[in-house]
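Chains A and B, in that order, are what the protein sequence lines are. First residue of the first sequence? That's 63 in our numbering, and the numbers climb one at a time after it. First residue of the second sequence? That's 63 in our numbering, and the numbers climb one at a time after it.
Hints in this document: simulated from the structure, not taken from any laboratory. Each hint should be verified, as a subset may be incorrect.
It does not matter which identical chain is used: a pair holds within one copy or between any two.
[What the hints assert, rightly or not] In the SDA-like style, the derived pairs of lysine to any residue whose C-alpha atoms are separated by at most 25 Å in a straight line are: (1) Lys145 to Arg126; (2) Lys473 to Leu547; (3) Lys370 to Ala167; (4) Lys473 to Met78; (5) Lys470 to Leu559; (6) Lys473 to Gly268; (7) Lys509 to Leu559; (8) Lys509 to Gly168; (9) Lys509 to Ser553; (10) Lys509 to Gln561; (11) Lys226 to Gly190; (12) Lys191 to Leu514; (13) Lys473 to Asp225; (14) Lys317 to Asp222; (15) Lys370 to Tyr246; (16) Lys473 to Glu550; (17) Lys470 to Arg121.
Residue-level listing of the chains:
2 protein chains.
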Amino acid sequence: MAISRIQHEGLRQRLMSAEAAAALIPPGAHVGMSGFTGAGYPKAVPQALAARIAAAHARGQDFRIGLWTGASTAPELDGALAKVNAVELRMPYQSDPTGRARINAGEMEYTDIHLSHVAQYVWFGFFGKLDVAVVEVAGILPDGRLIPSTSVGNNKTWLDQADKIILEVNGRMPEGLAGMHDIYYGTALPPERLPIPMTQADQRIGEPYLRCDPAKVIAVVETAQGDRNSKFAEPDAVSAAIAGHLIEFLQHEVKRGRLSPRLLPLQSGVGNIANAVLAGLNNGPFEQLQAYTEVLQDGMLDMLASGKLSHASATALSLSPEAWERFERDIDFYRERVVLRPQEISNHPELIRRLGLIAMNAMIECDLYGNVNSTHVMGSSIMNGIGGSGDFARNAYLSIFMTPSTAKGGKISCLVPMASHVDHTEHDVQIIVTEQGLADLRGLSPKERAALLIERCAHPDYRDALRDYFERARRGAPGQHTPHLLEEALSWHTRYLRQGDMRAAT
Amino acid sequence: MAISRIQHEGLRQRLMSAEAAAALIPPGAHVGMSGFTGAGYPKAVPQALAARIAAAHARGQDFRIGLWTGASTAPELDGALAKVNAVELRMPYQSDPTGRARINAGEMEYTDIHLSHVAQYVWFGFFGKLDVAVVEVAGILPDGRLIPSTSVGNNKTWLDQADKIILEVNGRMPEGLAGMHDIYYGTALPPERLPIPMTQADQRIGEPYLRCDPAKVIAVVETAQGDRNSKFAEPDAVSAAIAGHLIEFLQHEVKRGRLSPRLLPLQSGVGNIANAVLAGLNNGPFEQLQAYTEVLQDGMLDMLASGKLSHASATALSLSPEAWERFERDIDFYRERVVLRPQEISNHPELIRRLGLIAMNAMIECDLYGNVNSTHVMGSSIMNGIGGSGDFARNAYLSIFMTPSTAKGGKISCLVPMASHVDHTEHDVQIIVTEQGLADLRGLSPKERAALLIERCAHPDYRDALRDYFERARRGAPGQHTPHLLEEALSWHTRYLRQGDMRAAT
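Could you build the full structure based on these sequences and the hints that come with them?
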């Protein structure tokens with residue numbers, strides 16, 4: 063059965079162990095691996111490479127690689143390589159705890175990039191040569207084309223740009239994945255670029271398979287292991303309240319005639335709050351919805367199953383084991399309703415703006431004037447990365463950011479005087495939602511935003527302190543466009559770093 | 063002669079004085095005026111409106127308006143209205159000194175918006191109803207269509223969206239402007255949007271005239287006054303050095319095969335440094351260049367005249383009196399080489415990304431990690447606004463920001479530990495240039511960026527202090543991805559506010 067997944071005779075000759083394949087990756091190589099969330103990442107070669115690198119380090123040899131992916135991956139990839147300190151420079155996104163610890167300890171460099179920018183920058187040559195691609199696929203066709211796995215990410219670019227290719231053929235992936243993907247080969251370098259011919263979120267504009275030059279394939283490795291995506295928490299009161307505010311707002315927009323009852327294509331970040339919003343929409347008043355997003359997670363699968371969502375476009379299937387079972391069982395149903403695209407298409411500014419998305423993303427903190435921090439804890443430490451949130455927020459019809467009003471059991475306010483890092487500027491943020499309420503910042507000046515954010519979104523424990531800062535800044539700041547007292551603008555963060563609580567000692 | 067500019071019989075009946083026209087604008091109205099830089103703004107009605115509002119204020123009456131434009135305008139518009147405190151909310155951009163003073167005194171609200179976002183947000187209804195449009199034109203055709211003036215800006219949207227229209231027909235504008243504009247009427251609201259059919263910077267995709275419903279026109283006013291754009295300073299040593307570094311970098315990119323010798327379409331911000339760069343390009347090694355930008359300023363006119371630039375696309379002609387004379391004299395030559403478009407097209411993310419621009423914009427300050435502040439002085443006071451810099455930087459092939467390394471005679475370092483406001487995040491900034499040198503940040507992690515920026519771009523007076531901050535942050539910051547000491551991250555700014563110099567007292 064496994065052999066039948068490799069239908070190209072020449073490539074069958076390149077079958078080898080993960081260890082043998084990993085031995086073909088030289089020190090210092092730029093390696094482009096598949097993977098977008100815990101989906102479609104190579105399961106065996108990264109671990110074999112990690113073992114090889116650990117052995118080299120034990121012998122006192124230098125051996126590190128540049129690791130490029132679609133986005134985050136899983137412990138078998140990011141975790142295994144970070145654990146042995148195998149990565150010199152990581153990009154464009156990662157969420158592995160070991161990797162995060164290495165980065166924040168200064169042991170691993172990390173470049174955090176808009177996900178829509180990655181493929182083109184590699185094509186432009188901005189990151190240097192891509193040496194090796196390691197890509198998981200669900201099968202190899204007789205002519206060498208590849209059946210993609212559960213994520214597409216940057217795989218098209220890795221296969222096209224790498225000098226050498228290592229394929230992992232995962233026999234655990236259902237054969238019914240074939241036909242679900244849409245690989246667009248119409249991209250080009252400027253000045254030769256043409257309009258991307260997509261006008262509907264469910265439209266197919268490409269091919270179902272990845273092209274691959276068999277002459278570049280130096281190894282084929284068989285695996286048979288499922289993806290690893292964890293289940294989200296059941297919606298709690300906080301996330302349910304956020305979902306409630308958001309749905310009420312969308313209903314209001316429909317009533318005002320600014321949205322149709324079918325809304326516009328939904329983009330949703332990943333996580334517990336996003337999942338709660340999707341659960342809310344699944345029980346909500348809107349019908350025949352569409353999604354144009356990065357990641358199809360459990361909540362969207364539920365919406366497809368219920369019929370609330372007619373169709374979903376994504377670049378990755380990021381399903382919990384339980385949801386995966388349902389997906390696999392009804393794969394013919396879902397193949398009619400799901401299209402998986404390269405991330406340069408799922409996140410493309412041209413398409414996001416044209417389709418007019420409703421973009422819903424989580425954040426770490428937001429400041430009084432509507433600047434959003436999505437990436438850094440207390441200004442210095444990376445959490446995950448910006449991912450696609452900038453692609454979506456900048457170009458969406460509606461740009462929505464969500465967070466509980468506090469973190470760490472109330473010790474951190476997610477609404478602060480000044481953000482300790484800015485990923486989405488005041489120019490890109492329209493709607494802020496916490497469990498306390500929703501602030502619609504569209505068209506407001508900075509001071510108007512501040513007043514609304516404090517009243518609608520701040521936790522009551524912090525509301526007076528925010529009012530106090532804002533009122534004193536309105537008297538004492540050197541300018542009254544965005545009144546700040548720079549001496550204390552970041553004092554909430556320094557207080558937390560000093561005493562573990564943003565609340566002033568009482 | 064003036065009458066012949068108004069060829070529509072019915073509209074000729076609406077001829078009246080500027081005072082009579084201004085009397086038709088009610089208190090509280092949202093007024094969309096033409097104007098983009100000191101080009102194509104209405105010359106008479108805003109001043110008459112200012113007088114009317116001043117008189118109302120003198121009688122103790124409330125009278126303010128919401129003022130929307132293309133971008134900045136001139137003293138006769140922004141200056142006159144700001145002087146009498148006539149503006150409640152200004153958007154999307156302004157650079158008038160009186161307006162700036164009002165905003166920073168907290169007397170006038172200002173919403174600073176990506177210039178590509180304005181038209182669509184008005185169409186979406188995000189800013190409420192547009193009540194009155196006041197648009198300068200070069201003439202009215204027999205069927206009521208309008209010959210645009212020296213800027214297009216948001217005029218198409220104002221004319222389409224406003225309930226009532228006041229036209230200023232400026233007899234001073236050369237008749238040869240007719241045919242220079244390209245007004246695209248293919249935009250739509252999602253989900254009905256289609257690809258914008260432009261693949262070359264010099265391509266015409268629309269119509270030469272603005273459509274206008276004569277039934278909405280409540281007044282026509284004749285004027286005969288030229289635009290008001292000041293001459294840029296001759297390139298000094300600092301701006302010439304910046305231009306030199308930039309041209310050397312572009313030559314390097316050509317040598318590496320990442321750019322063709324024709325480069326890619328140029329976008330250039332406005333100002334002395336931009337003008338110096340254009341002068342450098344005019345004497346530089348590249349031929350047959352194209353421009354796709356907001357503003358055609360003197361430097362680009364010189365490049366068109368010399369043949370270095372084959373073609374320029376812009377939304378405004380922002381020429382000094384001396385350059386205007388040359389333009390007017392050779393208008394047939396320039397009409398073959400210049401196309402003026404609505405700013406939603408000149409700044410459209412879809413087109414900027416497709417065409418692959420080289421985006422060159424000025425900034426106020428940049429921090430160690432590549433975050434750029436384009437709008438705020440010392441965190442609180444607005445300078446001008448983000449304008450189109452975000453549209454271009456985010457979507458360009460190359461995103462370049464330029465500044466002298468110091469300001470205020472050396473008392474301000476333009477490279478600081480932490481930016482006091484962020485308009486372009488680390489994810490959107492590739493190249494930083496000062497007179498000291500050029501830092502190519504592509505693909506670098508935050509710490510790698512900091513090291514390069516200090517060595518290449520910082521002024522020697524500040525280099526040691528920046529190194530000191532960075533080195534101490536590398537030891538003492540709570541995280542080593544973007545090492546910051548939050549207690550002192552903004553101390554350079556607070557020191558300047560306190561003692562008028564960012565340099566530590568010695």
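Checked hints:
Taking the shortest Cα distances, Lys145 and Arg126 sit within 25 Å of each other inside one copy (12 Å), while across copies they are farther apart (63 Å). For a Cα distance limit of 25 Å, the shortest separation of Lys473 from Leu547 qualifies both inside one copy, at 22 Å, and across copies, at 20 Å. Proximity of Lys370 to Ala167 under the C-alpha cut-off of 25 Å is found in neither arrangement, the shortest distances being 45 Å within a copy and 51 Å between copies. Within a single copy, Lys473 and Met78 get their C-alpha atoms no closer than 53 Å, and across copies no closer than 65 Å, so neither meets the 25 Å cut-off.
Proximity of Lys470 to Leu559 under the C-alpha cut-off of 25 Å is restricted to the intra-copy arrangement: shortest distance 13 Å within a copy versus 35 Å between copies. Proximity of Lys473 to Gly268 under the C-alpha cut-off of 25 Å is found in neither arrangement, the shortest distances being 49 Å within a copy and 56 Å between copies. When the C-alpha separation of Lys509 and Leu559 is checked against a cutoff of 25 Å, the pair qualifies only between copies, where the shortest distance is 21 Å, while the shortest distance within a copy is 28 Å. Taking the closest pair of Cα atoms, Lys509 and Gly168 come within 25 Å of each other only across two copies (9 Å); inside a single copy the shortest separation is 38 Å, beyond that limit.
In this homomeric assembly, Lys509 and Ser553 come within 25 Å of each other (Cα to Cα) both inside a single copy, at 20 Å, and across copies, at 24 Å. In this assembly of identical chains, the alpha carbons of Lys509 and Gln561 never lie at most 25 Å apart, being 30 Å within a copy and 27 Å across copies at closest. In this assembly of identical chains, Lys226 and Gly190 lie within 25 Å of each other by CA distance solely inside one copy; the values are 15 Å within and 56 Å between copies. For the identical chains of this complex, Lys191 and Leu514 are inter-copy neighbours only, at 22 Å across copies versus 49 Å inside a copy, given an alpha-carbon limit of 25 Å.
Taking the shortest alpha-carbon separations for Lys473 and Asp225, neither the intra-copy value of 50 Å nor the inter-copy value of 51 Å comes in at or below 25 Å. Within a single copy, Lys317 and Asp222 get their C-alpha atoms only as close as 48 Å, which misses the 25 Å cut-off; across copies the closest is 23 Å, which meets it. When the C-alpha separation of Lys370 and Tyr246 is checked against a cutoff of 25 Å, the pair qualifies neither within a copy, at 28 Å, nor between copies, at 37 Å. When the C-alpha separation of Lys473 and Glu550 is checked against a cutoff of 25 Å, the pair qualifies both within a copy, at 18 Å, and between copies, at 23 Å.
Taking identical chains as interchangeable, the C-alpha atoms of Lys470 and Arg121 are never at most 25 Å apart, the minima being 43 Å within one chain and 56 Å between chains.
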